[in-house]
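K.L.:
Residue-level listing of the chains:
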Amino acid sequence: MNIRIRRAWELPDGAATPEAAYLGRRALLGTSAALVAAPGAAEAQWLFGRREAADPWARLPADLPDLPPAMRNPRYRPERDLSPEREAVTFNNFYEFGSHKEIWPQAIRMPVRPWTIRVDGMVEEAGEFDVDGLMRRVGLEERVYRLRCVEAWAMTIPWTGFQLSKLLEIVRPLGSAKYVRFETAQVQPHMTGLRQSWYPWPHIEGCTIEEAANELTFMPVGIYGRPLPPQNGGPFRVVFPWKYGFKSGKSITRITLTDQRPKSFWETLQGAEYGFWANVNPEVPHPRWSQATERLLGGNERVPTRIFNGYGEFVAGLYTGLQGERLWA
Amino acid sequence: MKLAALILLGVAAGLALVFGFGTPLGAVVFQIDPPLLNTLQAGVQRRLSPDLWDQVILPLLQWPSWVVPGALGLLLLPFGFRRRA
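Heads up: the protein sequence lines correspond to chains A and B, in order.
Residue numbers for the first sequence follow our numbering, beginning at 1 and rising by one.
Residue numbers for the second sequence follow our numbering, beginning at 330 and rising by one.
No false leads were mixed into what you were given.
A partial selection of chain B residues facing chain A, derived with a Cβ cut-off under 7 Å:
(1) 355
(2) 356
(3) 374
Only part of the chain A face toward chain B is listed, based on derived beta-carbon distances under 8 Å:
(4) 98
(5) 192
(6) 195
(7) 196
(8) 197
(9) 198
(10) 269
(11) 270
Hints in this document: simulated from the structure, not taken from any laboratory.
Cβ atoms here follow ideal geometry from the backbone N, Cα and C, with glycine treated the same way.
In isolation and in its complexed conformation, chain A is listed as follows:
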């Protein structure tokens, strides 16, 4: 006899809220919020009249509606509460869109489909991958990671994506490959920062092949169960949770395996402050501020920062024998 024990979270189909009612509720909430916010928004246009968009999750019609299902991986426990969803999608660093935090109204206008990722360099099977085909091919999971920004604030974010090592298994790096270079897309005219032609675009980030193959290195295509919006680096980015956030390249369009250490965008601009390794360490201050504590976004609580952002058990071994390197900046 087949005995099936229903799990606590399982519900009959009939108990689910109809999609139309759910979407209608969101529309009603959105309209109410717009009515309440309208006078304030007018006042906020005090200088040059910024355009305000209402929904940081807004997607262009050509973008895919939803992510394939993904189960949360229980191996990675953040040991603190998730950051408020709204905070995570409206407080962003993405220099191609500006140097301030409220870049999302501009970023959400960037088209993210179709989106391809070229993987080339020192690999046996170089190729170009459509992001939707890639996520179906490798399968998705959800991981909750702590994120520590070099600016001493932090979030706790549920990312949906896949381990970078799965992509490396497909392209099969050559034995001579030592580094991985991540190249951010250049999408004109949406990325207004590209008008600053004197900077070394495209935005480059990099890591060693060992760091890339580490189980923590994750390629998110989603956040809070939804497709990754452009302001968070959508549709496809990398996350190194044990490094300062600027190392986690956004809106990636090309990955190159190489034997040359990539010089990153921030290393070129301010190498004294933003180096190649940039592993989190509370005992090594930034040249202009302490890294001993971090402010959790969504409240104003400050908590002690942990070495490797608390992921030392997974990654500390990557750095043995590298004491001569600037591992912490």
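For chain A, the structure is supplied; the task is to place chain B on it using the hints.
P.N.:
For chain B alone, coordinates are given in the frame of chain A:
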């Protein structure tokens, strides 16, 4: 005033000669001090207004480097040569 005008015109000519006639002001500043513009942009966009950078300062930085000192020099020049009463 005349001295200031002549210095600005000299600076404009020097920038055009050293860095090239069409090189943007931003590129010149970046060559001289790579972190400066990024720090300035962060200060302006985070503490004053994002649009002040995008709509006012960035267009100035995109102009050839000699334009701003040259224009200021030309503006000041008539005051320098005005006859005293």
